[in-house]
Amino acid sequence: MKYLLMIYTDEKLDAQQDEERLMTRYNQLISELEKEGVYLSGERLSPVETATTVQMRDGNRLVSDGPFAETREQLGGFFLVDCRDLDHAMEVAGRIPSAEIGSIEIRPLWFQEE
Amino acid sequence: MKVKQAFCLSPDKLLEHLYRQQTGQMLAWLTGLLRDLSVAEEIWHDSLALALKSWPKDLPDNPGGWLRVTARHLAIDRLRHQQVSLAKSRLIQALAIQDDQSEAFDAHPFNDELLKLIFTCCHPAIAYENRLALTLYAVCGLTTRQIANALLLSTSSLEQRLTRAKSKLKSAGIGFVIPQQKQLPERLDAVLKVIYLLFTSGYQQEWHEAQDEVDLAAEALRLGNLVLEMLPEQTECMGLVSLMEFNLARRNARADKQGNPVLLQEQDRSLWDRNLIEQADARLEQALRMKKPGSYQLQAAIAGVHCLAQSAEQTDWLQINALYSLLMQYDGNPVIAINAAVALAMLAGEEKGLAKLNALQKHDEIAHYALLYSAKAELYRRAGDPEQARIEYEKALARTENSREQSFYLQRLAGLIGKLL
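Going down the list, the protein sequences come from chains A and B.
Residue numbering for the first sequence follows the UniProt record's numbering, starting at 1 and increasing by one per position.
Residue numbering for the second sequence follows the UniProt record's numbering, starting at 1 and increasing by one per position.
I should point out that these hints are in silico values taken from the structure, not numbers from a laboratory.
Quick reminder that beta carbons are idealized off the backbone N, C-alpha and C, glycines included.
Just to be clear, a hint being listed does not mean it is correct.
[Claimed, not checked] Calculated Cβ distances over 10 Å to all of chain B for the following chain A residues: (1) MET1; (2) GLU11; (3) ALA15; (4) GLU20; (5) ARG25; (6) GLU32; (7) GLY42; (8) LEU45; (9) PRO67; (10) LEU86; (11) MET90; (12) ILE106; (13) PRO108; (14) GLU113.
[As the list claims (entries may be wrong)] Straight line, CA to CA, 27 Å or less: simulated DSS-like cross-link-like pairs of lysine-lysine: (15) LYS291/B to LYS257/B; (16) LYS170/B to LYS2/A; (17) LYS166/B to LYS182/B; (18) LYS193/B to LYS291/B; (19) LYS2/A to LYS292/B; (20) LYS193/B to LYS292/B; (21) LYS257/B to LYS292/B; (22) LYS292/B to LYS352/B; (23) LYS362/B to LYS2/A; (24) LYS362/B to LYS395/B; (25) LYS35/A to LYS182/B; (26) LYS182/B to LYS292/B; (27) LYS2/A to LYS166/B; (28) LYS352/B to LYS291/B; (29) LYS2/A to LYS168/B; (30) LYS193/B to LYS168/B; (31) LYS193/B to LYS166/B; (32) LYS193/B to LYS182/B.
[To be verified] Which chain A residues stay away from chain B? Per the calculated CB distances, all over 12 Å, these: (33) ASP18; (34) HIS88; (35) GLU91; (36) GLU100.
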């Protein structure tokens with residue numbers, strides 16, 4: 001099954017992390033996941049201050065500066081993975097370095113191939 | 001299946017009995033085949049409906065076997081109608097070859113599958129209250145009405161919980177598997193929590209056998225034994241079963257004839273079930289010898305010290321205090337912390353206990369527990385301060401919605417008034 005693992009962290013906490021070490025750990029995880037045949041894709045996002053939100057209402061476009069929801073933790077990146085089942089996806093989520101300071105939300109994709 | 005006994009029942013009573021007895025194993029087996037609990041449920045219900053139609057005319061010799069064979073045929077049909085992959089057509093062949101009268105099919109059915117079903121229903125990704133409902137429904141074979149009554153819910157909100165749980169199972173891709181060794185402790189812990197919560201909610205309720213109510217405490221014990229049978233090396237599971245047995249052994253003594261709760265110190269110990277206590281004690285011994293201690297084993301050990309004391313005065317409070325300090329290292333749950341303070345008072349005097357309870361009261365997550373104030377009240381009463389005891393009982397009363405607890409606090413308050421006048 002395909003799952004999106006969304007990485008939420010508090011950007012203030014994130015800024016205190018050792019960036020170089022963090023990147024090494026992420027790269028290491030990606031190569032492990034590739035070897036295991038789990039990894040499909042993954043990206044890191046620019047900070048939440050770069051976010052723009054668009055809504056269409058009665059044909060009018062509403063644009064606002066910032067994220068859709070103001071929360072303590074922001075979406076900072078994602079992995080798209082192919083896992084056996086939820087337990088497997090939970091195991092992968094637990095290995096994401098940012099899980100130690102933030103939260104990983106696991107969502108199965110709507111369409112799954114048999 | 002006790003065939004002789006079955007013949008004495010009318011077909012619908014017999015079906016009710018078989019539903020209760022076989023639902024867990026049938027749903028487990030069918031889910032293993034079809035990989036979908038909802039489809040398994042549909043097929044099991046269809047089999048029961050077929051039985052209800054044909055049994056009044058022609059009751060089979062082996063009604064349980066009849067149901068299983070019918071469900072198997074329906075499952076084969078269902079698999080044939082689904083998109084056929086190679087794996088599936090092999091499965092259909094294998095199923096179709098099985099002899100309908102096969103002994104193996106009848107004998108000790110599907111324990112592995114049943115364990116998978118339990119792990120699936122208690123998966124930590126399912127909301128806590130939905131796990132309880134789903135386990136009672138799919139594993140224990142209770143009807144929605146019985147579960148709703150037992151969990152104090154309306155049937156419609158219970159059905160919502162079941163629907164939500166089943167849809168989460170399917171859409172989140174929760175596997176129908178026994179967890180891998182690495183995940184087993186976490187997953188087993190989730191299973192044991194569900195069992196213990198069922199037990200405590202059943203144990204606190206009054207249970208009326210005559211009104212076809214379900215005894216959740218007995219149901220929890222049955223589940224605990226089932227898991228233990230399949231995972232006999234798991235010491236915490238042994239500890240939990242032993243804890244439930246120690247508590248059940250005291251069940252007859254914990255309320256007076258009017259149904260009011262009786263404190264442990266004041267219970268008539270001749271009403272305790274000595275056989276069950278011995279059984280629980282032997283089980284706990286066996287667990288402790290395996291030297292993998294944990295919260296349930298320690299709670300069972302504390303319950304055991306109480307149960308084995310000849311009288312309330314002879315309780316070994318020194319040992320209980322030692323066990324509580326160990327237990328607090330495993331489990332910081334507020335109820336345990338409050339009980340530990342009460343145990344300290346029994347050993348070192350009311351003042352020491354009250355000091356501990358006052359310290360606990362400073363924690364917001366403990367301060368709303370009625371038990372905290374009733375514990376303080378009881379210590380003030382024993383220390384000869386009925387006025388302070390009254391104040392604390394009133395605080396306890398204001399913090400509970402449980403009618404049994406309310407009437408207990410009212411009864412203690414009434415007892416204090418004599419001393420205050």
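Verification of the supplied hints:
1. MET1: violated (4 Å)
2. GLU11: holds (27 Å)
3. ALA15: Holds, because the least Cβ-Cβ distance between ALA15/A and chain B comes to about 31 Å, which exceeds 10 Å.
4. GLU20: holds (30 Å)
5. ARG25: holds (20 Å)
6. GLU32: holds (16 Å)
7. GLY42: The claim holds: GLY42/A sits with its nearest Cβ about 19 Å from chain B, beyond 10 Å.
8. LEU45: With a cut-off of 10 Å, LEU45/A remains clear of chain B, as the shortest Cβ separation is near 24 Å.
9. PRO67: Holds, because the least Cβ-Cβ distance between PRO67/A and chain B comes to about 25 Å, which exceeds 10 Å.
10. LEU86: violated (5 Å)
11. MET90: violated (7 Å)
12. ILE106: violated (8 Å)
13. PRO108: violated (5 Å)
14. GLU113: holds (12 Å)
15. LYS291/B to LYS257/B: violated (42 Å)
16. LYS170/B to LYS2/A: Holds, at roughly 13 Å.
17. LYS166/B to LYS182/B: Answer holds: LYS166/B to LYS182/B is near 25 Å, not above 27 Å.
18. LYS193/B to LYS291/B: Holds, because 21 Å separates the two Cα atoms, which is no more than 27 Å.
19. LYS2/A to LYS292/B: At roughly 38 Å apart (the allowed maximum being 27 Å), LYS292/B and LYS2/A break the hint.
20. LYS193/B to LYS292/B: holds (18 Å)
21. LYS257/B to LYS292/B: At roughly 41 Å apart (the allowed maximum being 27 Å), LYS292/B and LYS257/B break the hint.
22. LYS292/B to LYS352/B: With a Cα-Cα distance of about 32 Å, the restraint between LYS292/B and LYS352/B is violated, given a limit of 27 Å.
23. LYS362/B to LYS2/A: The hint is violated at about 47 Å.
24. LYS362/B to LYS395/B: Measuring from Cα to Cα gives roughly 15 Å; hence the hint holds.
25. LYS35/A to LYS182/B: With a Cα-Cα distance of about 20 Å, the restraint between LYS35/A and LYS182/B holds, given a limit of 27 Å.
26. LYS182/B to LYS292/B: holds (17 Å)
27. LYS2/A to LYS166/B: holds (19 Å)
28. LYS352/B to LYS291/B: violated (32 Å)
29. LYS2/A to LYS168/B: Since the Cα atoms of LYS2/A and LYS168/B sit roughly 15 Å apart, the hinted pair holds (cutoff 27 Å).
30. LYS193/B to LYS168/B: Judged against 27 Å, a Cα distance of about 20 Å means the pair holds.
31. LYS193/B to LYS166/B: Holds: LYS193/B and LYS166/B sit about 20 Å apart, inside 27 Å.
32. LYS193/B to LYS182/B: Holds, because 19 Å separates the two Cα atoms, which is no more than 27 Å.
33. ASP18: Consistent with the label, ASP18/A stays out of reach of chain B, its closest Cβ about 28 Å off (over 12 Å).
34. HIS88: Its Cβ does come within 12 Å of chain B, the nearest being 8 Å, so this is violated.
35. GLU91: With a cut-off of 12 Å, GLU91/A comes too close to chain B, as the shortest Cβ separation is near 7 Å.
36. GLU100: holds (17 Å)
Taken one by one, the earlier hints fail for this structure at numbers 1, 10, 11, 12, 13, 15, 19, 21, 22, 23, 28, 34 and 35, listed in ascending order.
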